[in-house]
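**Q** Chains A and B, in that order, are what the protein sequence lines are.
With our numbering, letter number 66 in the first sequence gets 66, and the count goes up by one each step, no holes.
With our numbering, letter number 87 in the second sequence gets 87, and the count goes up by one each step, no holes.
Since the hints were derived computationally from the structure, they do not count as laboratory data.
A couple of the hints might just be wrong.
As the list claims (entries may be wrong) - Cross-link-like lysine-lysine pairs, in silico, DSS-like; alpha carbons within 27 Å at most:
1. Lys-340(A) <-> Lys-3(A)
2. Lys-10(A) <-> Lys-131(B)
3. Lys-202(B) <-> Lys-2(A)
4. Lys-71(B) <-> Lys-3(A)
5. Lys-225(B) <-> Lys-214(B)
6. Lys-88(A) <-> Lys-119(A)
7. Lys-3(A) <-> Lys-132(B)
8. Lys-131(B) <-> Lys-2(A)
9. Lys-202(B) <-> Lys-186(B)
To be verified - Some, not all, of what chain B presents toward chain A, calculated at C-beta under 8 Å:
10. Tyr-67
11. Glu-86
12. Leu-127
As the list claims (entries may be wrong) - Here are the simulated distance ranges between beta carbons:
13. Lys-131(B) <-> Thr-304(A): 32 to 42 Å
14. Val-7(B) <-> Arg-225(A): 52 to 62 Å
15. Ser-23(A) <-> Gln-111(B): 29 to 39 Å
All values reported here derive from a predicted model rather than from experimental measurement.
Idealized CB from N, CA, C, for every residue including glycine.
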Amino acid sequence: MKKILFIALKEVISFLRDKGDLSFSLVLPIAIFALIYGAFGSSLQFSGTAYIVNEDPGGRYTDLFLQRLSENPGLSLMQISAASAERKLARSDIQMVVEIPPGFSENLKNGRSTSLIFKQRGNGGTDGQIIAGLVRAAADSISRELLAVAQVKDAVANIGIEQQQIEMTVQKFLVEEQTSPVLTIGETLTGDRPEPVNQFLPGVVTMFVLFSVNLTAQALVEERRKGTLERLLTTRLKISELFIGKFLAYTMRGFIQTMILLALAYAVFRIFTPVSFLAAMVVALVFAAAASSIGIIIGSLARTENQATWIAVFFTMLMVTLSGTFMPVSEGSLLGRLSKFALNTYANDAFRTLITEGGSLLATSGIAGHGWSSCSGYVDQPAGLPRCPGREVGWISSERSGFLPLTI
Amino acid sequence: MAENFVVVRDLYKSFKDVIAVNGVSFSIEEGEIFGLLGPNGAGKTTTIRILSTVIPPDKGDVIIGGYSLQKEANNIRGIIGICPQELALYPDMSAFDNLVFFGRMAGLSSQEAREQAIANLEMMGLLERAKKSRVDKFSGGMKRRVNLAIALMGHPRLLFLDEPTIGIDPQSRNNIYETIKGLQAKGMTILYTTHYMEEADKLCQRVAIMDSGKIVAMGTPEALKSQFGDPDKITLEEVFLKITGRSLRD
């Protein structure tokens, strides 16, 4: 036991003595976190561009549609040619385009059903999905108005009221409805803004602890390369004692790294309660131990430092991707199912639970879901985000005629 | 006549298709410096790795200090020290910390390890910078001396020295010679490999010349030299070349 502790102590002292290594391992996560905070922290409000291929320029309803769309805060419109849209989609420069077909306005004016067309890569990306929702909302409002006019026209068809007067009267009611809507949506705010620290801190912390997998693996391979492993094997030290010593050392290293980051987050952002901070320490220790074990396994398998690095990098990227640290992973997808095998999934969820709910360790147990949903972005984000493209949308329909003025 | 401290009988070791050690047998008396000489790839280092319990032999018997290698390897580890050909130390630690660490791994208490580290460093002329500098700041000769000082931690009875003087200045080499002679005077048994024949001639009571995994000649340097001419005129290097040939080895 003494030998194990002595090996662990030697490693930790070496880590603490190496000022370069120490500062990189501690300053780098802080710097990366600051970078992410700077990039996303101040702009969680949606901001995006809707690319429009307008094949019906100057049409009355085209202009109305574009005007409705432009009324959405944070959304800017950019009209591009059909050829340019094809090229940009092919190159993945853009993820989604809305096409207004030729005769769009004329069809609507004459009561014929017409469609807006989404052209997109895959699911259009998160921004594309949000924009799709906004496009649907704009189309929906026009559709409702046209339907209302059509229904009134039908109702008063035999009374002999002029077409223009019907339209003006309906328009008047619609404006009134817009001014004083029957159904409104209220907003309740929790906090003054979405909290990027809560969202990104767990990911940054767990990602950097996972990077230490590489260091642990390297430590073993280096021991072999330097010849010290062979020298140690000629003493009475058991190989298991060496492994356990290394495991303890790199668990401590990962734990120290996490502890400093979490303590900083506690002091600066006030995201923990004293109880949840202590619970986060326990989670950090367990996660560091798991990462260290994986590093030991990789170090045992790899024959060279390069091999160890590549295996560890592959493993780290896989874990970060599967856990949805920065990119959403859909719950029901294959990736979502595979994520159950990713260490970070559990660590991220545990940290998020502790941060957002200030909970105890018990609250973190048995969690294996994601902080992200593929459709609506981060689940803790305020509601109001659109439905997924491809899902059937509840468009208004007329029982009388089945007339759908505007669809997508 | 002193008792045999090391007895090696019919030792074999292969790596895939390469036979590294091919039926090697020799013995070393207690307190003797025994030289294992041979060109590159002769099997010297593999023999040392087997005797120092790092790799098992395919076949053969080895008795060290009365312990069987196959059955009592852990007891053998308690009585051997190894100074490998490559520097096997922690460059980011001081010489003192390196010695204390390996001393602890050899089973010494903290106090014993510190005391022995100081004694060994003093013997190697390294005490002054032992605690101040990291080993990677040392010269090549100093690193070699640290490498040897580590091997002495735990008071081994048998010391394996695998080319301990390679690539160092005459002063450091001389210091290592003096240390080895001093250790022998204290009764330590030493298995010594080197490419410097003059060194072997000066230090070793007996030498074995290995080639292609086999021992092709064995005896005192004087006896080997007398097989090929006047021992006062012929050098051990000339004997070595006559026995192993002049063709280049990989």
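**Q** So, for every hint listed, does it hold in this structure?
**A** Verification of the hints:
1. Lys-340(A) <-> Lys-3(A): violated (37 Å)
2. Lys-10(A) <-> Lys-131(B): It holds: about 15 Å lies between the C-alpha atoms, which stays within 27 Å.
3. Lys-202(B) <-> Lys-2(A): With Cα atoms ~42 Å apart, Lys-202(B) and Lys-2(A) exceed 27 Å; violated.
4. Lys-71(B) <-> Lys-3(A): holds (24 Å)
5. Lys-225(B) <-> Lys-214(B): holds (20 Å)
6. Lys-88(A) <-> Lys-119(A): holds (11 Å)
7. Lys-3(A) <-> Lys-132(B): holds (25 Å)
8. Lys-131(B) <-> Lys-2(A): With Cα atoms ~23 Å apart, Lys-131(B) and Lys-2(A) stay inside 27 Å; holds.
9. Lys-202(B) <-> Lys-186(B): With a Cα-Cα distance of about 18 Å, the restraint between Lys-202(B) and Lys-186(B) holds, given a limit of 27 Å.
10. Tyr-67: violated (13 Å)
11. Glu-86: Since chain A brings a Cβ to about 5 Å from Glu-86(B), closer than 8 Å, the hint holds.
12. Leu-127: violated (21 Å)
13. Lys-131(B) <-> Thr-304(A): 32 to 42 Å: holds (33 Å)
14. Val-7(B) <-> Arg-225(A): 52 to 62 Å: Cβ of Val-7(B) to Cβ of Arg-225(A): about 33 Å, so the range 52 to 62 Å is violated.
15. Ser-23(A) <-> Gln-111(B): 29 to 39 Å: holds (35 Å)
The structure does not agree with the numbered hints 1, 3, 10, 12, 14 stated previously, though it agrees with the rest.
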